[in-house]
Amino acid sequence: MISLGIEGTAWNLSVGIVNDQKILSHQQHPYQPSDGGIHPREASQHHSDKIAKIIKKTVSNANIQPQQIDLISFSLGPGMGPCLRVIATAARALTLTLEKPLVGVNHCIAHIESGKWSTGLDDPIILYVSGANSQVLGYKSKRYRVFGETLDIGLGNALDKFARKLNLNHPGGPKIEKLAKKGEKLIELPYSVKGMDFSFSGLVTAAEKKLQRGEKKEDICYSLQEYSFSMLTEVAERALAHSGKKELLLCGGVGKNQRLKQMLKEMSLEYQIKFGYPKKELMGDNGAMIAHTAIKMYESGIEHSPGIEVKTDYRTDEVEVKWRE
Amino acid sequence: MSELIARGAEAELYKKNQEIIKIRKPKKYRNKTLDERIRKNRTKKEAKATREARKIGVPTPIILDMKDFEIKFEYLDGEKIKKIYSRLNQNDFRKIGKYIAKLHQNRIFHGDLTTSNILKTNRNKIYFIDFGLSGYDGHIEPKGVDLHVLFQTIRSSHPEHTDSINIILNSYKSSMNNQKEIIQRLNEIEERGRYF
Chain D
1 MISLGIEGTA WNLSVGIVND QKILSHQQHP YQPSDGGIHP REASQHHSDK
51 IAKIIKKTVS NANIQPQQID LISFSLGPGM GPCLRVIATA ARALTLTLEK
101 PLVGVNHCIA HIESGKWSTG LDDPIILYVS GANSQVLGYK SKRYRVFGET
151 LDIGLGNALD KFARKLNLNH PGGPKIEKLA KKGEKLIELP YSVKGMDFSF
201 SGLVTAAEKK LQRGEKKEDI CYSLQEYSFS MLTEVAERAL AHSGKKELLL
251 CGGVGKNQRL KQMLKEMSLE YQIKFGYPKK ELMGDNGAMI AHTAIKMYES
301 GIEHSPGIEV KTDYRTDEVE VKWRE
Chain U
1 MSELIARGAE AELYKKNQEI IKIRKPKKYR NKTLDERIRK NRTKKEAKAT
51 REARKIGVPT PIILDMKDFE IKFEYLDGEK IKKIYSRLNQ NDFRKIGKYI
101 AKLHQNRIFH GDLTTSNILK TNRNKIYFID FGLSGYDGHI EPKGVDLHVL
151 FQTIRSSHPE HTDSINIILN SYKSSMNNQK EIIQRLNEIE ERGRYF
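Sequence order for the protein chains is D and U. Under the working numbering, the residues of the first sequence are numbered 1 to 325, in order. Under the working numbering, the residues of the second sequence are numbered 1 to 196, in order.
Worth flagging that the hints you see were computed from the coordinates, not collected in a lab. Computed from a prediction, not measured in an experiment: that's the story for all the values here. The beta-carbon is built from N, C-alpha and C at its ideal position, and this holds for glycine as well.
When the alpha-carbon atoms are kept at most 27 Å apart in a straight line, the in silico DSS-like pairs for lysine-lysine are as follows:
(1) U:K15 x D:K245
(2) U:K28 x D:K265
(3) D:K256 x D:K246
(4) U:K25 x U:K80
(5) U:K32 x D:K185
(6) D:K185 x U:K25
(7) D:K140 x U:K80
Restraint-style ranges between C-beta atoms, simulated for each label pair:
(8) D:D123 x U:K15: 27 to 33 Å
(9) U:N124 x D:R324: 34 to 40 Å
(10) U:R123 x D:G214: 58 to 64 Å
(11) D:K279 x U:E191: 30 to 36 Å
(12) D:G301 x U:E181: 43 to 49 Å
(13) D:K216 x U:K25: 29 to 35 Å
So that you can see chain U by itself, here it is in the shape it has in the complex (with noise of 0.2 Å):
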């Protein structure tokens, strides 16, 4: 029996034995022929970067089986941050920061990278999920959008730790090569998205 362990504004998650089931399921609200296309779209994204990001060294379940629609991942056992995020450590925001940069290094970018995206097991790992929204790009935007979508993220819902945000990208920093002009793209994304 699979059990529908989570129902995300994305897709449902199943649980089934050691194996978790994720389905893009059709959003009525949508034209039907942009819904096919968007699901379709993101399901193969979220395959391939989860598979590239795993073989540079940034934690990602393993991939098991996928469909038009659906991907079988490995089942984790762990917790979205988002929920422990007052009890990581300092180590934890440093592994976070280093796995963005190998991202960025080998040019993928997330897409999603909000708290509810990287979980920490048990025994003290740190993963990355929901690549549905990555892609290839070497543009320094992305990257920039990134950074921005996850510290805004932590200053929306997690207002008291918001000193993780230097931590997070002090170590980014210090893996990443040309960091100089993300990290400039990433106070003009701050600064846009405002009046004029």
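This is chain D alone, in the form it adopts within the complex (with noise of 0.2 Å):
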């Protein structure tokens, strides 16, 4: 089976045509905000500028012709109303136009299949740490429950956030992973912990008035990802602890991180965990784990009307995971 995806969820703009073995094609578009953090609107008006041609080009770069498309898909929610909003429409256009079912994918379930399929995990743990969501979720009775989360905002958007403080344009996060690289001193921060959920934003606050004071920004920006990922790693312990569990998913932009991922292994380590990350193209928002999910859920059963309203913050454990045991 042929599928086509379309991500765009947020900032990046992605379409992947994927079959049951692997990803045919794989194309994207960023939105690069013009100052700032991601402004909903322009994102959305940027991703209905370029969609057009970003579907052309992935169709032809899977040498494929659009009626050997077996099924559309794309990015139902959690995310931006009006990015959502644009995707969906072209969904349904491609819906229409080439008579194929269509499937609209839990954008957060999508990063957890994908990672399945690029690691060959099967019943892991995951942490998915995005820009929006920082999550600890395991498979249990039909659902991906969600054992703990942050309380307040994302680890990537904190990352941003203090980011932009140093006069970094978006994405954040990779500048200040260099920047941590230089850093030595551990600057006391807020370690926040609680049960199996965490929040970020009092640490970031903490970063700032940090930098005001003085200290150095490469040490603050050590100290900010030495504290968060030991939060995250934490968390994930855990829960595995608590599930019983044997493997571990780390999914999601911030994933990409190699101090976080160098934190997990160890973790891992430690109680025989066998660890995996998806390859890089699968690791941030992408349009191939829409795609692909969409033919477990297709499979199974699932088919959207073309009528379909996006659900801006749809919950991962709202989706009966009616493809797994």
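Two chains, two frames, a set of hints: combine them into the complex.
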């Protein structure tokens, strides 16, 4: 089955085409904010300007004719309303023109399913860290259950917020990672783990204060990473201990960070946990993950009408995972 | 001879005669300074809140001794409720709600209120353990978080028994004076952490 998926919940607009075995082609066009953070309306304008071109390019790079596509899918949510509506419109148009079935996919579940696909992990605890989302999940009784999550903002957005104070443009995470490599001193910041939940907004506020007081930005970036990644690793560790699962999957854009991967790897070694993360192109938001998850959903009997409404705050545990035992 | 009886994410538990020694081992993945800071801080908090809780009538194990990274407790014969959740009765749930209210009335929050941190002994007593993430706070937020963490654990780990949430909550409400604001905050917390 050949499946086309559209992703554009936030700043990255991306289209992927996959079959049951592999990615056939994958294109993206990230929106770059003129200044500051993401403006939802600007981002959606960007998406609607570029989407037709990206779809055409993805299809031609896959070396297929549009009629060979068997299934159309898109991110139904969670995400920014204006952005979601643009990709939903594009997906509806494709479905109606090509007369192929449509599936709306939960964005977070697509990260999980494509992560499993890419790593071969079977039943992992999932640490999903992106701009807006930071959650620890695990499968139980037909749902991906949330074991723990951020009580305020996602880690990616928290890092972006601090990066803006340093006048670094979006996305800030990779630039903070670079600076952190030159940091040496651990500066005291709040370590906020609450059961299996955590929070980041106090951490960023404290980091901003340290900056005003003249601490070196390299040291603050280093400490920000040490604190926030230790929190995530500890919560993943707790979820593993609590659930008894033996695998750990890291996904989401922040998962590209080397230091985070290193910490999780060390923790996994200690408990003899199998640790994996998807290859780079599947790590951040991408259309291939939507296309892959759509195949699983469609084959388990799920199909949506073109009239389906987007869900800006679509919860991971709202979705019945029909395709798993 | 002391025998390793449990290795959790936070600590190792050794049993010797009728005593339990809880040791917070270093985490290699963490920066050393940060690691020691966290372990020392949690050991101290745990000892303090465990004692305070028992004083105000919430059953917790007696502390026999402590050092920087370890605490010695009396041994309790029982099970984590996580393992016997389907066998708990209404009375157990009501006790849990009442004990949480007692802690909160006294400005103590537990900080890690999962079904792994509540025990039921062979004499049918409910005990609260693992106060390493606890604290003193007059605000409503950490109290709301306590309830949220417990209910989230029930929903994720015991999805067949979510009706217990209401029994715990009703018992909590009837034992608590200013519960309205806390329940309102709980609902807010459960809505938060979602997109925007």
